[in-house]
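Enquirer: Quick mapping for you: the protein sequence lines, in order, are chains A and B.
Just so we're aligned, residue 1 is where the first sequence starts under our numbering, counting upward by one.
Just so we're aligned, residue 1 is where the second sequence starts under our numbering, counting upward by one.
Read the hints as simulated data drawn from the structure, not as lab findings.
Being a predicted model, the structure only gives us computed values, none of them experimental.
Fair warning: there could be bad hints in the mix.
Copies of the same chain are indistinguishable here, so a pair counts whether it falls within one copy or spans any two.
Straight-line distance between alpha carbons at most 27 Å, and here's what the computed DSS-like set of lysine-lysine pairs gives [claimed, not checked]:
(1) Lys125 - Lys27
(2) Lys25 - Lys362
(3) Lys27 - Lys157
(4) Lys51 - Lys343
(5) Lys125 - Lys343
Protein chains: 2
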Amino acid sequence: MYGMAELHLLSPRGFRAAGVYAGIKSKPPADVGLLVCQAPVPAAAAFTTNKVFAAPVEIGRRHIARGRLRGVVVNSGNANACTGERGRRDAIRMCQVAARVVGGEPGEYLPSSTGIIGHHLPMEKVQRGIIEAGKYLGDSCEHALLFGDAIMTTDTKRKSAAVKVRLGRSVATIAGVAKGAGMIGPRLGVAHATLLSYLTTDVQISPAVLRRLLADAAGESFNCVTIDDHTSTNDTVAIFASGAGDATVGAERERRAFAAALLEVCQALAQQVAADGEGASKLVTVRVRRAVSDAAARAMARAIADSPLVKCAMHGNDPNWGRIVSAAGMAGVPFDPQQAVLKLQGTAVFRRGAPVAFDAAKLSGALAAAEVSVDLDCAAGTGRAVFWTCDLSRDYVAINADYHT
Amino acid sequence: MYGMAELHLLSPRGFRAAGVYAGIKSKPPADVGLLVCQAPVPAAAAFTTNKVFAAPVEIGRRHIARGRLRGVVVNSGNANACTGERGRRDAIRMCQVAARVVGGEPGEYLPSSTGIIGHHLPMEKVQRGIIEAGKYLGDSCEHALLFGDAIMTTDTKRKSAAVKVRLGRSVATIAGVAKGAGMIGPRLGVAHATLLSYLTTDVQISPAVLRRLLADAAGESFNCVTIDDHTSTNDTVAIFASGAGDATVGAERERRAFAAALLEVCQALAQQVAADGEGASKLVTVRVRRAVSDAAARAMARAIADSPLVKCAMHGNDPNWGRIVSAAGMAGVPFDPQQAVLKLQGTAVFRRGAPVAFDAAKLSGALAAAEVSVDLDCAAGTGRAVFWTCDLSRDYVAINADYHT
Chain A
1 MYGMAELHLL SPRGFRAAGV YAGIKSKPPA DVGLLVCQAP VPAAAAFTTN KVFAAPVEIG
61 RRHIARGRLR GVVVNSGNAN ACTGERGRRD AIRMCQVAAR VVGGEPGEYL PSSTGIIGHH
121 LPMEKVQRGI IEAGKYLGDS CEHALLFGDA IMTTDTKRKS AAVKVRLGRS VATIAGVAKG
181 AGMIGPRLGV AHATLLSYLT TDVQISPAVL RRLLADAAGE SFNCVTIDDH TSTNDTVAIF
241 ASGAGDATVG AERERRAFAA ALLEVCQALA QQVAADGEGA SKLVTVRVRR AVSDAAARAM
301 ARAIADSPLV KCAMHGNDPN WGRIVSAAGM AGVPFDPQQA VLKLQGTAVF RRGAPVAFDA
361 AKLSGALAAA EVSVDLDCAA GTGRAVFWTC DLSRDYVAIN ADYHT
Chain B
1 MYGMAELHLL SPRGFRAAGV YAGIKSKPPA DVGLLVCQAP VPAAAAFTTN KVFAAPVEIG
61 RRHIARGRLR GVVVNSGNAN ACTGERGRRD AIRMCQVAAR VVGGEPGEYL PSSTGIIGHH
121 LPMEKVQRGI IEAGKYLGDS CEHALLFGDA IMTTDTKRKS AAVKVRLGRS VATIAGVAKG
181 AGMIGPRLGV AHATLLSYLT TDVQISPAVL RRLLADAAGE SFNCVTIDDH TSTNDTVAIF
241 ASGAGDATVG AERERRAFAA ALLEVCQALA QQVAADGEGA SKLVTVRVRR AVSDAAARAM
301 ARAIADSPLV KCAMHGNDPN WGRIVSAAGM AGVPFDPQQA VLKLQGTAVF RRGAPVAFDA
361 AKLSGALAAA EVSVDLDCAA GTGRAVFWTC DLSRDYVAIN ADYHT
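Okay, chain A solo, but in the shape it has when bound (with noise of 0.2 Å):
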């Protein structure tokens, strides 16, 4: 794989984008989004499991199940969430609009809303932001970035990646961008984010492996954060291939290689949002390793960086590891103390059942970093997992608090 730099959302051949400010957000930047092919091509989304799914996300899942999309219409400030019928018929009405001023037919176009649940769209400016962007199409760099302020909400940086991957003679790019800062805790299956994402690439694929590649790439990256564990009604991951390169994935090899790459940008991005969760200061890496299962060793590395105590301490750069002994031991799963060793930015604080002396402050200040690892071994078989998350501050509250009203 190649290095991420100067590529972005449309690098990958084939694709258009725009992002206009319609007014749907109490300010700019943009709020209404196109993301497009010129003709239908290879796509595959995964969404919500929550039982409470957002208007889009039902339109969407009926859009997506030939395979084959041209584009994404989204727009942000309004989640069209718990808005019933009339919430359907917008998110309907919002592929006409794209389908109208950018092409081919309504059902060859993924809706997608965040923002505030319970409030209808406010289709005049909705639309109107539609057939905006749809006179602002292009491939640049610029066009990208727009793209991705459009999806944003209390997001405070955007979030891109991408690389290129050899696969036989050719290269192809896998790029994309994401949102997310809260109400993250995605349990998505192809079948599940209010994380959006949305993933380009140029390579020729076939839409069954593209799904169980996105599935296998979610499954490890966007469904191993957690803000504050809320699966969100409207949580969306798709990709687009739009076959506009000459590599192809058809053989295992390039397959691998292309899950690898694919695995790689999705990491980056899980990683991205997890680091500008709602005020937070810094990214919680949580390794768990050695646990009897990867289902055990996923339990216990979520209820860790789940753990508000866990959470408010790394906020205070507070060495408490009791507390996360504590969360793993209540994951529901196999877990003995007496055999487990916990480091805190690789400094070992419990060692089989007892504490480890350490030098607090030193700890502490090493705590201070804007990347915190925290690292259990169960000692206990060969499970494994990765989970990223942040620390819980008085800002989290204050967002939240005062969000709505």
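With chain A's structure known, arrange chain B on it following the hints.
Expert: Relative to chain A, chain B alone:
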């Protein structure tokens, strides 16, 4: 049942208690307590189900095995958890000192500790405290208050409850105290709370019946409280039946009356724990009814009560109900929002998949109350559950970011 006024932990006959300050906590009031009977009496206890359990829990499970105990020896300020072999020796030593100063065998005492995890007990202070407490045992209201103080950590208020209940021609008294403000999300079995709660009664009852009744009561009270969804290493609920009164729990009718009275005391304590959650400004009661099963109702109630997004909205008096419906949908149990009705403080905000118009300013005013109700009617079955939690405030972060360093 009679009212609770004037009753306290030592109102049931046959108990004495004391609480002293031994310098384990950074400041008074008391941090070492004794609650004892004259002889071993029927007793039952429920401990944490965390795989990581503290030394006093390990020793306590052993001592309660025969269903009879003489009392409790407890300290706050240090949880004696994750402290290895030395921790086990220290927990046993607490029982030995208690037996020496009060009477009986070490195995007749339940040791309990609460406070920071991963530090060895300062045994000189602990032993001096137990000896001191032994000198001041008594059965007055003042003694009950001092014992209650001895178990507090970040609690801002004492938690106590008591009732009198008629059983046949006699009257029994049931009383209890509890502590808990953080690391609260107990899953107790009688086999499960740093929730600590100690209950006294003067009824005559067999250990086996007492055990079953405690399990039932804990399931509908302590196990329905969540502050941070963290099952502690030290959670312990214990009940002692002195038999010093005339009332007997034998026939089914008496058992039901006693069970109802015990549940009333446990629920009163559970609500006090939730209301005094770290940084809390209000008690939030989440009721789910007409779910497909009690288990489903419970999963949804817990998901709502655990959601930091919901808890922050409650802190901001924000009727942002989408977060509540979304939390119910992510509980992993059957839930159809098209059938559901959600009420906040009695005001319908969501009905059958769509928003209900309401006066946001008025409802926000109603949410500023000290007690807030969230009622979700699933219209799908007969399952029901109640959970108690609190709001999530900046103070929660302050308390937990700066607890240790």
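Enquirer: Each hint needs a verdict: does it hold in this structure or not?
Expert: Hint check results:
no., hint, verdict
1, Lys125 - Lys27, "within (13 Å within a copy, 60 Å between copies)"
2, Lys25 - Lys362, "between (44 Å within a copy, 25 Å between copies)"
3, Lys27 - Lys157, "within (16 Å within a copy, 44 Å between copies)"
4, Lys51 - Lys343, "between (37 Å within a copy, 19 Å between copies)"
5, Lys125 - Lys343, "neither (52 Å within a copy, 31 Å between copies)"
Consistency note: the structure conflicts with earlier hint 5 alone.
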